[in-house]
Structure formats: structure tokens, C-alpha cells
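Asks: As a plain string of letters, each chain reads:
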Amino acid sequence: MNLGDWISQPVNWVFTLLALASAYSGVRVVTSQNVIRAALFLVGALASSAGLFLLLSAEFVALTLVLVYIGAVIVLFLFGIMITRAPLGRDVALDHKRRAPAAITSIILFAVLSWASIRAFAGREVTGVGDATDTRLLGEALLGRFVVPFEVVSFLLLAALIGGITLARKDLSPAEEEAREAT
Amino acid sequence: MDGVDILIVVGRVLAVFVLLLVTTIFNVWLERKTIADMQNRVGPDRAGPFGLLQTVADGLKLFFKEQINPSKVEYGMFVLAPFLAVIPALLLFMVVPFGRPFTIGGREVLLQGADLNVGVLFILAMSSLAVYAVVLAGWSSGSKYPLLGAVRATAQAISYEAAIGLSIVSVVMFSSTRAGGTLSLAGIVESQAGTYLGFLPRWNLFPQVVAFVIFFLAIIAETNRAPFDLVEAEQELVGGFHTEYSGMRFAMYQLAEYMNIFSMSAICATLFLGGWNGPTFDGQIPAWVSAVLPTVWLLIKTYAVIFAFFWIRATMPRLRYDQLMQIGWKRLIPAALVWLILSTVAISVRQFGLPWSA
Amino acid sequence: MLVNQFLILAALLFSLGVYGLLVRRNAVMVLLAVELMLNAVNINLIAFESLLQTELAVGQVFSIFVITVAAAEVGIGLAIILMIFRNRSSANVDDFNLMRL
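Chains as they are written, first to last, in the numbering used here: chain P, 30 to 212; chain R, 182 to 539; chain L, 30 to 130.
No wet-lab data here; the hints were simulated from the structure. Be aware that one or more of the hints could be misleading.
[Said to hold, decoys possible] With a Cα cut of at most 35 Å, we get these calculated DSBU-like pairs of lysine-lysine:
#, chain 1, residue 1, chain 2, residue 2
1, P, 126, R, 511
2, R, 325, R, 511
3, R, 325, R, 253
4, R, 242, R, 253
5, R, 242, P, 126
[Claimed, not checked] Sample of chain P residues facing chain R (criterion: CB under 8 Å; computed from the structure):
#, residue
6, 86
7, 93
8, 100
9, 104
10, 105
11, 166
12, 172
13, 175
14, 176
15, 177
16, 184
17, 186
Cβ coordinates follow ideal geometry from the N, Cα and C atoms, glycine included.
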């Protein structure tokens with residue numbers, strides 16, 4: 030497929046827009062000097078990848094991403110940041126002084142990953158927007174073939190729930206413990 | 182898809198917007214009148230007949246007021262936050278079917294913004310996005326009271342979303358026994374057509390009454406209405422998250438709040454009260470009346486829920502924050518889980534028989 | 030649409046996540062970078078699913094698993110960070126040498 034054919038598909042323009050938005054937000058997530066701004070740019074990156082999922086006809090996963098990630102996980106982040114401190118403007122000392130080794134590592138990683146995928150999947154096309162994947166199929170796969178991982182993940186969530194409560198609980202002094210038992 | 186189809190889609194979306202905006206104007210007036218009546222006051226009665234134009238007058242006043250930018254705000258976010266409140270509120274109603282699909286000139290017209298086949302998930306996603314407006318407003322104001330309101334809002338939204346989700350899951354499971362399993366709101370409405378024993382409508386309300394109560398309490402909290410309005414508790418937090426807002430930006434928050442109330446009530450009516458189902462007297466009265474009647478039924482049901490919102494606001498004192506969290510985590514979520522298990526067991530026994538009866 | 034355009038975007042986001050992971054000192058920011066990497070993995074999974082069209086929609090199922098595990102990870106991670114912040118009043122990963130005290 031040459032460039033002209035590629036550009037002539039409108040779905041690729043949508044992809045380009047979403048990819049630019051997602052790349053820009055990704056860059057700002059790791060370079061922003063304010064914690065809350067970084068979290069909000071992560072929202073941008075996630076929202077544009079939800080758009081990409083819609084392009085690839087994965088409606089259910091796209092909405093789950095919005096619901097779980099944007100609606101709960103990032104809100105949790107913001108909550109965590111705000112009850113400790115909520116800085117406006119630049120924050121101090123978010124980064125290490127030496128950025129070059131990290132930058133070199135990630136550039137090399139990017140080069141290797143993209144070289145490998147260009148070598149392996151050159152010219153292979155994906156099916157785009159069309160009939161969305163049947164949600165029923167996903168449900169049957171989750172509770173049929175993948176029921177064991179499903180149960181393991183639910184056990185993990187339970188463990189995380191209990192762990193979160195244990196960590197966040199205030200340690201009571203012995204006097205308070207007695208007062209609580211008395212009531 | 183030709184030009185007429187595109188026109189129909191545009192018309193559907195416009196119809197949703199117009200319906201939302203007109204009912205919002207009406208709802209503000211209705212709330213003030215209802216609460217005034219319950220408190221032995223007259224309420225707005227100057228602008229227009231019965232004071233109906235009061236909301237328009239208020240809106241115009243706010244439109245011409247100065248928009249103050251306090252010196253410590255994060256300007257970009259401060260301006261963006263009100264829009265983030267309005268957009269999910271508009272999108273929320275897009276998936277609600279507000280009338281029976283009808284055929285005109287050989288084309289079927291759905292009375293619904295968009296019939297997503299994951300509509301229920303879309304509702305949950307949009308209602309969870311609404312919290313960003315509050316959080317960003319609180320943080321970008323650069324002042325203590327809004328920040329406190331924002332912190333309260335985050336915890337409240339996360340807690341009550343779980344209850345909403347769990348109660349919707351039991352409804353979806355239940356309606357799958359009738360309509361063959363669907364996450365689309367149109368499908369859930371269709372599964373509630375008909376009657377029990379010839380007189381009782383087959384609404385999800387009757388078999389799923391516990392889920393209904395949980396859902397109703399949780400949407401009051403999700404729309405930040407009294408008695409769960411700790412986000413903007415006037416006596417404690419001045420104005421809560423919108424303390425620093427004025428003029429049109431403030432008006433957008435009010436608009437979003439009332440649109441959310443209307444959409445959430447319509448969703449409640451759709452999931453539990455049969456949506457647009459109701460007697461349409463096909464063939465006995467003019468066809469256009471039969472086509473309009475389902476929309477009227479939906480509006481009547483929605484306004485019954487909205488009236489309950491106002492009624493509770495006029496009756497109940499505001500909760501303390503720890504009480505709010507206790508109701509969410511120690512009452513609603515366990516109740517929703519227990520109900521989910523019970524109704525799943527009941528459904529599977531009805532479908533597959535008792536485990537030992539093979 | 031080529032599958033490579035998704036894979037390269039995902040590689041870019043993943044490398045950005047690695048950069049953030051290495052360069053950030055604030056623990057919350059490190060977690061944000063991890064989320065970016067997990068999201069890149071999700072893009073890969075969905076793209077491969079769309080390429081291979083597996084019978085059981087394996088790619089989508091696994092991206093749902095990834096999202097769930099990420100939610101658990103953030104819950105626990107933030108709880109730990111808040112605990113350390115309470116005890117040490119610092120969210121700097123260089124100060125997290127609790128094991129040697």
C-alpha cells in the first residue's frame with residue numbers, strides 16, 4: 030500500500046488526529062512539571078486511545094477504558110494528590126537531574142520496537158470500523174475459556190481491596206481500641 | 182446512507198438537545214415552585230404566567246454579568262471546567278429512547294440520539310466523567326473551599342458509582358431472561374412491554390424493587406443533590422466547588438446540574454419504569470396521537486422521579502460526610518451485592534431448574 | 030489501516046512511559062508513567078485482535094484483564110504512597126529506603 034492510498038482513506042485521517050493527540054498527551058505526561066497537569070494529560074492520552082479502540086471496532090473495551098481508567102483510576106489519582114497537597118503552577122523536584130540516560134534508553138527502546146514491528150508486520154492490514162465485536166462473545170469468552178484467569182483477577186481485586194483498607198486504616202491507640210469495643 | 186438518512190440523524194440529535202434545554206428551563210421553575218409550596222411560600226410568580234419565564238430571566242441576568250477571574254486561578258482549567266460539566270450532561274441523554282420508533286415514508290425513525298449496543302456502559306462512563314468538572318473547578322480555583330468541595334466530590338462519585346453499576350447489573354441480568362440479553366437501552370425498554378396477570382405492567386420495578394431503591398438513592402448522590410449535596414454545602418463550604426465562579430460560567434454549572442437530573446430520571450424511568458411503554462390505543466385514535474403517546478408516558482414517568490428528587494430535597498436534612506460514606510459503602514454496596522446474588526440465583530433456578538433436579 | 034501504524038504508536042507511548050519511569054522522582058508520577066505503558070500494551074492487544082480476528086476475541090479479553098489489574102495496582106500503589114507520605118512527608122522515590130531505615 031502506498032502513501033496515496035493510505036491518505037485517501039478517511040479512517041486514516043481520524044487515526045492521525047487521535048495518534049497526534051495521544052502522542053502529545055503522552056509527551057506531556059512525562060514532561061509536565063505539575064502533578065495534576067500530568068494526570069490530566071494522561072486522561073487525554075487514554076481518551077484518544079479509547080477513540081483508537083472504537084476505530085478498531087472494540088466498543089466494549091473502549092467504554093470500559095473510559096469507565097474504569099478515566100472515570101475511576103485517574104479520579105483516584107487526583108484524590109490522592111489533592112488530599113496530600115494540590116500544587117498550582119510548577120512543582121519542585123519532580124524529575125531527576127540527569128535526563129539523558131533515560132532519554133537514550135527510551136529512544137533505543139522505541140527504535141528496536143518499531144524496527145521489529147516494521148520487519149514483522151509490513152503491509153498487514155487490520156479491519157477497521159465495522160460491526161462492533163459482539164459483547165455476548167466477550168462475555169462467553171470471559172466466563173468460558175478464560176474463567177480461571179477471570180477468577181484469579183477477581184481474587185486479585187479482593188486482595189487489593191483488603192490491602193487498601195489495611196494500609197489506609199489509622200492505627201488506634203490502646204485507649205481508643207477499648208473505647209471502640211465498648212460502643 | 183443518503184441525504185435523508187443524514188438529515189434524520191441530525192434531527193434526532195437536535196431533538197435531544199432541544200428536549201433537554203426546554204425541560205431544564207421548566208425544571209428549574211418546577212423545583213422552585215414545588216419547594217415553595219412545601220414551605221408555604223409562593224415562589225417565583227412575576228416573570229410570565231405563573232412565573233414560568235423566571236428561569237429565562239435568571240439566565241439572561243447571568244449572561245450579562247461580569248465573569249470574575251480571581252487572581253490565583255489556573256486560567257485554562259478554570260475556563261474549561263464548566264464545559265466539562267455540560268458535555269457529559271448532554272451526552273448522557275443521547276442513549277435514552279424517548280419514544281416508540283415509527284415508520285415514515287418507508288424509513289424507520291428511532292426516537293433516540295444513538296442506539297448503542299453498549300448503552301448501559303455508556304451511561305456509566307458519562308456519569309463518571311461528570312466528576313471531572315467538579316474536581317477541576319475545585320482545584321483550578323486556587324482557593325480552600327472549592328478544593329474541599331472537589332475532594333468531597335471525588336470520594337462521593339467513586340463510592341456511589343459502584344452502587345449504580347451493581348444495581349444496573351442486576352437489571353441487565355433480569356431483562357436478559359426476556360429479551361435474550363442486551364446492553365442497549367432500547368432493548369431493555371422492549372423487554373418491559375406487556376403486563377403481569379393482565380393489569381400490572383411488566384416493569385423491572387416490580388421484580389427488581391431493591392435494585393430500584395439502590396439506584397434511586399445513588400443517582401441522587403451522583404447528581405450531587407440534597408441530602409447528598411456535600412459538594413456544594415452552603416453552610417459549610419460557602420458555595421463548594423463553584424465558589425469562585427460567576428456569570429455565564431456559573432450558569433453552565435446550574436444548567437449541567439438540571440440536565441443531569443433530567444437525564445438520570447429518564448434513565449431511571451427507562452430501566453425500571455418501562456420507559457416509553459404504555460397504552461397507545463393503536464387504531465382507536467388518530468395515528469399521530471398514538472405516535473406521540475409513548476413520549477408522553479416517558480415524560481410522565483420521568484417527572485414522577487424528578488418530583489421525588491424535589492420532595493426529598495424539601496424534606497431531608499443534609500447528611501454528615503461520614504454518614505454519606507457509611508451509607509454508600511456499608512449499606513448500598515453490600516445491599517446491591519446481596520441483591521445481585523439473590524436475583525442471579527432466582528434467574529438461574531427459573532432457567533435451569535434446581536441444581537439437584539438435573 | 031495498517032497494523033503497523035497502531036504498533037508504532039504503541040511503541041512510542043511505551044517508550045515515553047519508560048522515560049517517565051526512569052526520570053521521575055515523585056512516586057505518583059512514576060505510577061502515571063506505568064499507566065501510560067499499560068495503555069500502550071492495550072493498544073497493541075486490540076490492534077492484534079483486529080488483525081488476527083481470533084474466534085474468542087482473545088485480544089479484547091486480555092485488554093479487559095489489563096485494565097482490571099491496572100485498577101487494582103493503582104489502588105494499592107496510591108495507598109502505599111499515601112502511607113509513606115504520612116510517615117516521611119515525602120513522595121520522592123529516592124527516600125523510599127524503608128528496608129534499611
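Asks: Does each hint fit the structure? Answer for all of them.
Replies: Quick rundown of the hints versus the structure:
1. Of the supplied pair hints, the one linking residue 126(P) and residue 511(R) is violated, its CA atoms being roughly 47 Å apart against a limit of 35 Å.
2. Annotation: proposed proximity of residue 325(R) to residue 511(R) holds, straight-line Cα distance about 30 Å (limit 35 Å).
3. At roughly 11 Å between alpha-carbon atoms, residue 325(R) and residue 253(R) fall within 35 Å of each other, so this suggested pair holds.
4. Distance hint between residue 242(R) and residue 253(R) is fulfilled; the C-alpha atoms sit about 26 Å from each other, no more than 35 Å.
5. As the CA atoms of residue 242(R) and residue 126(P) are separated by approximately 53 Å, the hinted pair breaks the 35 Å bound.
6. For residue 86(P), the suggested interface contact is broken, since its CB lies about 12 Å from the closest CB of chain R, more than 8 Å.
7. Among the interface hints, the one on residue 93(P) holds; its C-beta lies about 7 Å from the nearest C-beta in chain R, closer than the 8 Å criterion.
8. With 8 Å as the threshold, the beta carbon of residue 100(P) comes within range of chain R, its nearest partner Cβ sitting at about 3 Å, so the hint holds.
9. Because the beta carbon of residue 104(P) sits about 5 Å from the nearest beta carbon in chain R, less than 8 Å, this interface hint is met.
10. About 7 Å separates the beta-carbon of residue 105(P) from the nearest beta-carbon of chain R, less than 8 Å, and the hint is met.
11. Evaluation of the residue 166(P) hint against chain R yields a violated restraint, the C-beta minimum of about 12 Å exceeding 8 Å.
12. Given the 8 Å rule on beta carbons, the hint for residue 172(P) is violated: about 12 Å separates it from the nearest Cβ of chain R.
13. Taken as an interface hint, residue 175(P) does not check out: its beta carbon lies about 19 Å from the nearest beta carbon of chain R, beyond 8 Å.
14. With its C-beta approaching chain R no nearer than about 16 Å, residue 176(P) sits outside the 8 Å limit, and its interface hint is violated.
15. With a least beta-carbon distance of about 20 Å to chain R, the hint placing residue 177(P) at the interface is violated under the 8 Å criterion.
16. Residue-level restraint check for residue 184(P) is violated (minimum Cβ-Cβ distance to chain R is 16 Å; threshold 8 Å).
17. Interface hint at residue 186(P): violated, since its Cβ lies 12 Å from the closest Cβ of chain R, which is beyond the 8 Å cut-off.
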